[in-house]
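Q: What follows is each chain in one-letter form.
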Amino acid sequence: MLPPPVLLPPMGTRSPPMLPLPMLPPPMLPPPILLPPVLLLPILPSMSQPMSLPISRYLTATSQTCLWLAKLLPYEKYQFSIYFDSFFSNTAFFATLRELGIGACGTARRLQVPVELQEYDDANGKAAECGDLALVPRDNVLCACWQDNAGVFMLTTIHDLNDGTVKNRKRPKKGNHAVSQVFGSSRRKLLTIPQMIDDFNSHIGGVDIADQLRSNYYTQLPTRRS
Amino acid sequence: MYTPLERLEYDADSLLPQQPTSPIEWFSVFFNLDIWKVLCDDTNAYYISKHTDGSKDPGWRPVTIGELRIWIGLVIYIGIVKCPSVRDYWAGTTWQIPMDLMGFNRFLQIQKYIHISLLSPASPPAWYMKLEPMATMLANSFRSAYLPSTNCSIDEMMVQFAGCSIHKVKMPRKPIDEGYKIFAICDHGYTYGFEFYSREDGASGTIGLPASMLLQPPMLALPA
Numbered sequence: 001m002l003p004p005p006v007l008l009p010p011m012g013t014r015s016p017p018m019l020p021l022p023m024l025p026p027p028m029l030p031p032p033i034l035l036p037p038v039l040l041l042p043i044l045p046s047m048s049q050p051m052s053l054p055i056s057r058y059l060t061a062t063s064q065t066c067l068w069l070a071k072l073l074p075y076e077k078y079q080f081s082i083y084f085d086s087f088f089s090n091t092a093f094f095a096t097l098r099e100l101g102i103g104a105c106g107t108a109r110r111l112q113v114p115v116e117l118q119e120y121d122d123a124n125g126k127a128a129e130c131g132d133l134a135l136v137p138r139d140n141v142l143c144a145c146w147q148d149n150a151g152v153f154m155l156t157t158i159h160d161l162n163d164g165t166v167k168n169r170k171r172p173k174k175g176n177h178a179v180s181q182v183f184g185s186s187r188r189k190l191l192t193i194p195q196m197i198d199d200f201n202s203h204i205g206g207v208d209i210a211d212q213l214r215s216n217y218y219t220q221l222p223t224r225r226s
Numbered sequence: 001m002y003t004p005l006e007r008l009e010y011d012a013d014s015l016l017p018q019q020p021t022s023p024i025e026w027f028s029v030f031f032n033l034d035i036w037k038v039l040c041d042d043t044n045a046y047y048i049s050k051h052t053d054g055s056k057d058p059g060w061r062p063v064t065i066g067e068l069r070i071w072i073g074l075v076i077y078i079g080i081v082k083c084p085s086v087r088d089y090w091a092g093t094t095w096q097i098p099m100d101l102m103g104f105n106r107f108l109q110i111q112k113y114i115h116i117s118l119l120s121p122a123s124p125p126a127w128y129m130k131l132e133p134m135a136t137m138l139a140n141s142f143r144s145a146y147l148p149s150t151n152c153s154i155d156e157m158m159v160q161f162a163g164c165s166i167h168k169v170k171m172p173r174k175p176i177d178e179g180y181k182i183f184a185i186c187d188h189g190y191t192y193g194f195e196f197y198s199r200e201d202g203a204s205g206t207i208g209l210p211a212s213m214l215l216q217p218p219m220l221a222l223p224a
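Residue numbers (the working numbering), protein chains in the order written: chain A, 1 to 226; chain B, 1 to 224.
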């Protein structure tokens, strides 16, 4: 008795042989890396006075406007934190908000952070490792310099020194040497970043979303320019 | 030494007694009857002030709130359905059904006399006084309808404007390179409060005030 014939499909339509799928390792988060040791720089003696002394802070016109806006919130009944971009951040303003019980967090421009941080960034800027974090408290506001692709200055009153979180970060397009050391050849990598950076990235866009929603309803009547 | 502020995170909440269901109800939450009354009164007052010499605009009759509601509705409709000229909307094609509610001449007439502010402003007038009763009323209805979540943000909004004004801001290399600047506090897309910006305000003597001497915004009555 012959074995039953095996029907082969005509040439050209035969599907390629199925290979067993390679066993992928289960996705794993790397163990959260502790942030580099906190660099606590000495506080100037004039600023280490007890907080009970009346401190007169002088606010710029922009900060005064923002303070007026912040006071619109029912901040005596509920807790709020407000996120700012670098146009608004300065330590006097953040400390004023803190006394009202309103938290604040934001990127800062170079001239708004203590001079120790500026010097740290100058001295360490090129040689710094990606992810280095330097912190200086000033007037109950935490000032930070975090090394991403470049130095990022942050001011915050709501984050603790060692708060960190793990995020899947994209490789910067124009990365420097330190970036390629961290990322190697991969486009994305799970990295530990400070909590203040993560919160800032998630909450800063509130006004831009409002702008987008507003732009759907254009109320200018069509006119022709002559 | 530094200690962070303790935060209890909570979500945003509505302060409305009941949720509106239709778009017009949502619109009326913010654009309430008081605003319509201000618009109606001030538009009629402006017409009278323009014709104190006894002259008349042919076909003018005092506007009513109902007419203004139609007019605002048409302005919103014109913003959504794009035509090259205002006249084209009344050209008679079938999809311009909303335009049956108001004639073209009446639409232009209201556009000519629409006015938000009263004629005798309080002294000294702010530079944005032409928007004033309505801007404050709108801001109050924004605040009374919504309780923002813990995380808000303050940023600037640009209102595109290419005319001549000392209060205009020019910022080349920005998406909107010239216009009025408004500072706003928003909660992920909900505008909770706003304030007009002008470089003139800094020169008016309020710059450099100690933080304790600043004006207090109006109190908001919260439900218990």
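Keep in mind that the hints were calculated from the coordinates and are not lab data. Be aware that one or more of the hints could be misleading.
Label-pair restraints from in silico Cβ distances [unchecked claim]:
| id | chain 1 | residue 1 | chain 2 | residue 2 | range |
| --- | --- | --- | --- | --- | --- |
| 1 | A | 221 | B | 166 | 19 to 29 Å |
| 2 | A | 86 | B | 59 | 54 to 64 Å |
| 3 | A | 187 | B | 161 | 35 to 45 Å |
| 4 | B | 126 | A | 217 | 17 to 27 Å |
| 5 | A | 86 | B | 199 | 37 to 47 Å |
| 6 | B | 7 | A | 180 | 16 to 26 Å |
Even glycine gets a Cβ: it sits at the ideal position worked out from N, Cα and C.
Q: All hints are to be evaluated individually against the structure, with a verdict given for each.
A: Status of the hints after comparison with the structure:
| no. | hint | in the structure |
| --- | --- | --- |
| 1 | 221(A) <-> 166(B): 19 to 29 Å | holds, 25 Å |
| 2 | 86(A) <-> 59(B): 54 to 64 Å | holds, 55 Å |
| 3 | 187(A) <-> 161(B): 35 to 45 Å | holds, 42 Å |
| 4 | 126(B) <-> 217(A): 17 to 27 Å | holds, 26 Å |
| 5 | 86(A) <-> 199(B): 37 to 47 Å | violated, 19 Å |
| 6 | 7(B) <-> 180(A): 16 to 26 Å | violated, 37 Å |
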